[in-house]
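If you read the protein sequences in the order shown, they are chains W and H. All residue numbers for the first sequence refer to our numbering, where the first residue is 8 and numbers rise by one. All residue numbers for the second sequence refer to our numbering, where the first residue is 8 and numbers rise by one.
Read the hints as simulated data drawn from the structure, not as lab findings. Treat the hints with care, since some could be wrong.
Which copy is meant is left open, so a pair is good if it fits within one copy or across any two.
[Claimed, not checked] Calculated pairs, DMTMM-like style, for lysine to aspartate or glutamate (alpha carbon to alpha carbon, straight line, at most 25 Å): (1) K246 / D392; (2) K166 / E322; (3) K246 / D82; (4) K165 / E19; (5) K166 / E184; (6) K165 / D18; (7) K367 / D18; (8) K246 / E98; (9) K166 / D214; (10) K246 / E19; (11) K166 / E148; (12) K367 / D392; (13) K165 / E138.
There are 2 protein chains.
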Amino acid sequence: MARAFIISVGDELLSGRTTDTNATWLSNELRVVGFPVVGRETVGDDREAVAQALRRGAEAADVVIVSGGLGPTADDLTRHGLAEALGVRCERHEGAVAQIRAMFERAGRELTPANLEQANLPAGSTPLHNEWGSAPGIRAELAGALLLALPGVPRELKKMTAARVLPLLAEHPARGESPARRSVTVVGMPESEAGSLLEDLMERGRDPSVGSYPGVAQLVLVIEGSDAAAVSRDLEAIKARLGDAVVGEGDCSLQAVVTELLIATGTTIAVAESLTGGRIADLLVSVPGASSVFKAGFVAYANEMKADVLGVRSETLDAHGAVSEPCAREMAEGARRVAGADVALATTGIAGPTGAVSGKLVGTVFIALASADGTDVRRFRLVGDRMQIRERAAAAALDLLRKRLSRTGSEAG
Amino acid sequence: MARAFIISVGDELLSGRTTDTNATWLSNELRVVGFPVVGRETVGDDREAVAQALRRGAEAADVVIVSGGLGPTADDLTRHGLAEALGVRCERHEGAVAQIRAMFERAGRELTPANLEQANLPAGSTPLHNEWGSAPGIRAELAGALLLALPGVPRELKKMTAARVLPLLAEHPARGESPARRSVTVVGMPESEAGSLLEDLMERGRDPSVGSYPGVAQLVLVIEGSDAAAVSRDLEAIKARLGDAVVGEGDCSLQAVVTELLIATGTTIAVAESLTGGRIADLLVSVPGASSVFKAGFVAYANEMKADVLGVRSETLDAHGAVSEPCAREMAEGARRVAGADVALATTGIAGPTGAVSGKLVGTVFIALASADGTDVRRFRLVGDRMQIRERAAAAALDLLRKRLSRTGSEAG
Chain W
8 MARAFIISVG DELLSGRTTD TNATWLSNEL RVVGFPVVGR ETVGDDREAV
58 AQALRRGAEA ADVVIVSGGL GPTADDLTRH GLAEALGVRC ERHEGAVAQI
108 RAMFERAGRE LTPANLEQAN LPAGSTPLHN EWGSAPGIRA ELAGALLLAL
158 PGVPRELKKM TAARVLPLLA EHPARGESPA RRSVTVVGMP ESEAGSLLED
208 LMERGRDPSV GSYPGVAQLV LVIEGSDAAA VSRDLEAIKA RLGDAVVGEG
258 DCSLQAVVTE LLIATGTTIA VAESLTGGRI ADLLVSVPGA SSVFKAGFVA
308 YANEMKADVL GVRSETLDAH GAVSEPCARE MAEGARRVAG ADVALATTGI
358 AGPTGAVSGK LVGTVFIALA SADGTDVRRF RLVGDRMQIR ERAAAAALDL
408 LRKRLSRTGS EAG
Chain H
8 MARAFIISVG DELLSGRTTD TNATWLSNEL RVVGFPVVGR ETVGDDREAV
58 AQALRRGAEA ADVVIVSGGL GPTADDLTRH GLAEALGVRC ERHEGAVAQI
108 RAMFERAGRE LTPANLEQAN LPAGSTPLHN EWGSAPGIRA ELAGALLLAL
158 PGVPRELKKM TAARVLPLLA EHPARGESPA RRSVTVVGMP ESEAGSLLED
208 LMERGRDPSV GSYPGVAQLV LVIEGSDAAA VSRDLEAIKA RLGDAVVGEG
258 DCSLQAVVTE LLIATGTTIA VAESLTGGRI ADLLVSVPGA SSVFKAGFVA
308 YANEMKADVL GVRSETLDAH GAVSEPCARE MAEGARRVAG ADVALATTGI
358 AGPTGAVSGK LVGTVFIALA SADGTDVRRF RLVGDRMQIR ERAAAAALDL
408 LRKRLSRTGS EAG
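From just these sequences and the hints, can you work out the full model?
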């Protein structure tokens, strides 16, 4: 089995300003391609510390991934640490200069001398082209180990790993067997409930293993094992036990699933948001291709907007208040009518920290779904802080629509 | 200055199942009591790996904190790693047995032989009483360094740090001064430009140090040093050099600053969003107290909504297209009028990955700010992927408003 080693570089990691989520992400990526991580070191922006960690990493593993410290400023010292470990000097690499120049030209930005410092690479090393930022990665060898230095900006690290690192590992002679791996995304079910339903499958030491990774509004279940058929059997068992709480296979986004369903069923949508304040629209519009189904969004945070733009009746607001079943209903119906959309979602509720009223605690949320068949309104009691309640309300609304559209789709089919 | 070293133990950290938030939390706790972390190693549940990391930690620092691997199961090997590093055996510690017994009696739980395994400590070491779980911590000395092993469960780690570790560090002879620390948040200026303007202050090895921490749409600059007056001088110098790109002191959010300014100046706002699709509304509504100034948001992604709800003229759309200066202007003016707000922001642009047209590349964004004084429209060329362009457009819009409101505020005052 091949072994990987991770070196995370940055004073901000040691000072506690930043949590090393890069290392978590990288560890998963490396493991699934057959390079389990056998050790990790976190060092500051310090040439000698980087060099020492590189020597230890090269001794312990077949591949050493370094993240961070490739930026243009004086405290970015990874290239110098690499040079020291390799026993060479840094020198201007003309290929890297050309890459950096081209990148700045594309972006229409002025090149500074600091940016060219990023083209000073350890003699004999190779730049790894970075299309997503100004710092090239670096490839070198030390004591038989492959050294790969990547930028620490999470987005660049991820793009570079996919485009530059994984292809190199795919042809690495030490490469081990990838474990079989499947996953599903679950929405609208707490982790503890999923855990109870899957207790036997999640037992420690079992092969396949089933792990759960909770986010704010969703849960990803990962099944991993040495036997692909057993992994598939577990996947099917999980789908059967969790029913329509399973949004789809893989780590999929609820908004992408909903947008796909809208497109597949030829359904246009409008949203009227009070407590979610634009979050549902933002999620839908973040999906490329949403423009063909997303008609309009209304952030009706103030009561007068609920009345003036969406046509919520003043008697409704007076008798029931804005956080009520009738108000959610009229918001959804108003948005659908004004936008001329096939369906409309509306949210109203109390995100907190203040705003609780008699009978309506923080976390009380009404969600309405209006369509040609009428309007369905649900009451939720969500937990968490303001951000979590808003995020969970947005997910609950999209999930209500997902379930409706899947039903329509399967009835039609 | 005293130095601390962290060793995080656990296969789940190396496999990527768990992110090491304990290390982040500990690093902050240690730094503010004068024990900055100089290095960190993450090792698996492996006796020899724990022992080697301990030897390196004891050489590098005055205090070594180990977290994890103290549980009752066979793969909890931290105590055996400690014993190996110390060159001793593990033996039953009667004080630890008594603590564990008492803990189980209080909880009304049955004591298992596995739990008593947790009372096997390296000979000569001292248990650290754990009132919050079943595993005692361990205190020992190696090569002049203080070794402290804590449970990996985050809640227990935090309680044990406060109750057992910090008092020991308070009387540690190597204890250093807590550094003075200030920070500012910067918007609308690339990291490289801020770096050029502050090159002398950011020079490596300088005291105070100035570090920069970039996000998608903002930059935090942290000044830290041994002398509080020097740190304050640097802070003032940074504010003077970066001018109104400085949003505020500390790690502050642009949306909170804008909302504060809106409240302070008694200004109500509406937003009309095309490419940002609800993101600006979402950011503003995420701030508690936003309801007093946020009148309404319109997500006018489709042209018909721009025309029907906001009153953008069809001649404007025909002659200039939706991504144009006149369309942004009419969107902002329409939103302001419909919502009856004092000011309105509007965004229209091309977030990509597709949608570029002749003369308007992906990343082209028009942002309009309408007020009683007229309408100001700016053209931007933003870089990044769809998510980044949308996020940067939202920040650029809020920043335009921030600068306008700060000017108004200072003119009035």
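Checklist entry - Between K165 and E138, at a C-alpha cutoff of 25 Å, which is it: within one copy, between copies, both, or neither? => result within (12 Å within a copy, 41 Å between copies)
Checklist entry - Can you tell me if K166 and D214 fall within 25 Å by alpha carbon in one copy, between copies, both or neither? => result neither (31 Å within a copy, 35 Å between copies)
Item to check | Identical-chain pair category, K367 with D392, by Cα at 25 Å | outcome: within (16 Å within a copy, 41 Å between copies)
Checklist entry - What label fits K246 with D82 when the C-alpha limit is 25 Å: within, between, both, or neither? => result between (50 Å within a copy, 21 Å between copies)
Next on the checklist: Checking an output row: K166 and E322, CA cutoff 25 Å. Within, between, both or neither?
Outcome noted: Answer is neither; intra-copy 54 Å and inter-copy 42 Å both fail.
Checklist entry - Are the CA atoms of K246 and E98 at most 25 Å apart within a copy, between copies, both, or neither? => result neither (56 Å within a copy, 36 Å between copies)
Checklist entry - Between copies, within a copy, both or neither: which fits K166 and E148 at Cα up to 25 Å? => result within (22 Å within a copy, 44 Å between copies)
Checklist entry - Using 25 Å as the alpha-carbon threshold, which applies to K165 and E19: within, between, both, or neither? => result both (19 Å within a copy, 21 Å between copies)
Next on the checklist: As a check of your reading, is K246 near E19 (CA-CA no more than 25 Å) within one copy, between copies, both or neither?
Outcome noted: between (41 Å within a copy, 22 Å between copies)
Checklist entry - At most 25 Å between C-alpha atoms: does K166 with E184 qualify within a copy, between copies, both, or neither? => result For K166 and E184, only the intra-copy Cα distance (24 Å) is at most 25 Å; the inter-copy one is 41 Å.
Checklist entry - Should K165 paired with D18 be assigned to within, between, both, or neither, using CA atoms and 25 Å as the limit? => result both (21 Å within a copy, 22 Å between copies)
Checklist entry - When no copy is named, should K367 and D18 be tagged within, between, both, or neither for a Cα gap of at most 25 Å? => result Close neither inside one copy (46 Å) nor across copies (40 Å); limit 25 Å.
Hint compliance for this structure: hints 1, 2, 7, 8, 9 are broken, all remaining hints hold.
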